[in-house]
Amino acid sequence: MPMIDLKNTKSIILCAKDFHGNVVIKYAPSSYLMYQNEDIEIKTSKDQINEKTYIDIKYEKGVFFSKFFLFSQSSHTAKIDLFVNEEVTDISLDINSADIDINFDDTNIQNLSIKTIAGDINIDGKTKSKNLKELYINTKAGDVDLNLQSSQVEETTFKSASGDFKVNNAKLYNIKFDLASGDVLILNSIIENLEANFTSGDISIKDSKVKNVKIHAISGDIDIDYLLKDFNCEIKGISSDIYLNILGKEKIFLYGNTNRFASSLKSNLDIVTIKNSTEESSQRLLKIDLVSGDLTIKAKELNEKEEHILNKESNLQQSFYGDDLLTLEEKKILELLKEGKISRIFALELLKELGYSNEEGEKFLKERGL
Numbered sequence: 008m009p010m011i012d013l014k015n016t017k018s019i020i021l022c023a024k025d026f027h028g029n030v031v032i033k034y035a036p037s038s039y040l041m042y043q044n045e046d047i048e049i050k051t052s053k054d055q056i057n058e059k060t061y062i063d064i065k066y067e068k069g070v071f072f073s074k075f076f077l078f079s080q081s082s083h084t085a086k087i088d089l090f091v092n093e094e095v096t097d098i099s100l101d102i103n104s105a106d107i108d109i110n111f112d113d114t115n116i117q118n119l120s121i122k123t124i125a126g127d128i129n130i131d132g133k134t135k136s137k138n139l140k141e142l143y144i145n146t147k148a149g150d151v152d153l154n155l156q157s158s159q160v161e162e163t164t165f166k167s168a169s170g171d172f173k174v175n176n177a178k179l180y181n182i183k184f185d186l187a188s189g190d191v192l193i194l195n196s197i198i199e200n201l202e203a204n205f206t207s208g209d210i211s212i213k214d215s216k217v218k219n220v221k222i223h224a225i226s227g228d229i230d231i232d233y234l235l236k237d238f239n240c241e242i243k244g245i246s247s248d249i250y251l252n253i254l255g256k257e258k259i260f261l262y263g264n265t266n267r268f269a270s271s272l273k274s275n276l277d278i279v280t281i282k283n284s285t286e287e288s289s290q291r292l293l294k295i296d297l298v299s300g301d302l303t304i305k306a307k308e309l310n311e312k313e314e315h316i317l318n319k320e321s322n323l324q325q326s327f328y329g330d331d332l333l334t335l336e337e338k339k340i341l342e343l344l345k346e347g348k349i350s351r352i353f354a355l356e357l358l359k360e361l362g363y364s365n366e367e368g369e370k371f372l373k374e375r376g377l
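Counting with our numbering, you get residues 8 to 377 for the letters of the sequence shown.
Don't read these hints as lab results, they were simulated from the structure.
Please note that a few of the clues may not be correct.
[As the list claims (entries may be wrong)] Quick list of in silico lysine-lysine cross-link-like pairs, DSS-like style, CA-CA up to 27 Å:
(1) K33 with K147
(2) K305 with K137
(3) K236 with K122
(4) K213 with K140
(5) K24 with K14
(6) K373 with K137
(7) K221 with K147
(8) K59 with K166
(9) K338 with K135
(10) K213 with K166
(11) K256 with K243
(12) K243 with K183
(13) K236 with K218
(14) K236 with K221
(15) K282 with K305
(16) K373 with K140
(17) K243 with K166
(18) K307 with K294
(19) K183 with K166
(20) K370 with K137
(21) K53 with K14
(22) K53 with K65
(23) K122 with K147
(24) K339 with K17
(25) K243 with K147
(26) K373 with K359
(27) K312 with K213
(28) K147 with K173
(29) K305 with K221
(30) K147 with K86
(31) K65 with K122
[To be verified] Here are the in silico distance ranges between beta carbons for each label pair:
(32) N129 with E94: 20 to 26 Å
(33) D185 with K135: 29 to 35 Å
(34) K86 with L309: 42 to 48 Å
Don't be surprised by glycine CBs; every beta carbon is placed ideally from N, CA and C.
Turn these sequences into a full structure, and let the hints guide you.
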């Protein structure tokens with residue numbers, strides 16, 4: 008089986024066209040690519056300064072057939088195995104058609120970008136640091152299934168024209184869905200900020216903790232179990248039924264219109280209707296603009312075990328910016344600043360040497376109370 012060595016590589020950019028790929032990505036002590044079909048042509052180039060490797064895979068017959076005989080580009084299948092060691096931190100895939108299976112176990116992947124026209128994507132496991140900076144998936148048609156085993160992701164973006172998304176056991180700081188058609192199921196997860204735009208499809212969040220929500224749904228139901236006590240939730244829905252489970256029995260503040268075109272409101276929590284969204288605290292604030300649909304609100308109660316777990320996870324934002332996820336240089340800068348051995352201005356200068364912009368440096372320090 009042909010093999011391509013990918014040593015001394017931190018970033019892999021793989022582009023594949025004119026065939027259907029069965030792509031598997033997983034850990035190995037050394038990085039290399041293997042493929043089973045010798046009809047495909049593979050070209051590689053390296054940016055040694057930035058330690059990037061570019062991989063271009065083509066099936067020349069596929070180009071010919073699609074141009075002159077209108078054959079499907081995905082009629083030819085090739086298996087591609089990509090093995091990555093702990094040196095690889097960034098992977099970018101741009102593939103016309105592929106079923107993709109990725110196992111994060113023992114890898115050091117921090118940034119993952121996937122673009123496909125067709126094919127299913129399955130991602131499982133956790134990286135060594137249990138932390139990803141960015142996860143980006145853009146697919147025209149295909150289902151996506153993620154089981155991240157309590158891994159943390161700072162920035163998550165999912166885009167799809169047609170396909171279902173399932174997310175299980177993840178800690179997500181910012182997650183955004185932009186879907187034309189498809190359902191979303193989120194299980195056993197923690198979410199700080201959720202944003203979703205749907206043309207058609209349902210979103211269901213079960214056994215999960217969500218703090219801030221912003222959803223725009225033209226047609227589809229929304230079921231969230233559950234919003235945290237200090238939530239902020241904004242939902243615009245047309246022909247949508249909304250079910251919200253909210254932690255705590257304290258009153259909630261409602262801003263918006265729920266009475267248009269047969270919309271109804273049911274709640275076992277006290278609701279204070281406000282005319283201006285800035286009248287009260289931003290906490291426990293529900294902004295609703297609902298046309299033709301029902302809104303149901305229920306108080307969520309936790310048992311003793313669930314309360315204990317929630318208290319351990321009470322500060323999700325801090326968990327995303329914990330010092331255990333930083334480089335040695337970043338940790339040293341924070342240590343010196345906290346001890347008063349360097350000024351804040353000098354700390355920002357040191358962060359610039361590490362590649363931070365002024366804004367990024369300010370954000371880095373402010374997120375840690377400095």
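| Violated hints, by number in ascending order, as checked against the structure | 2 and 3
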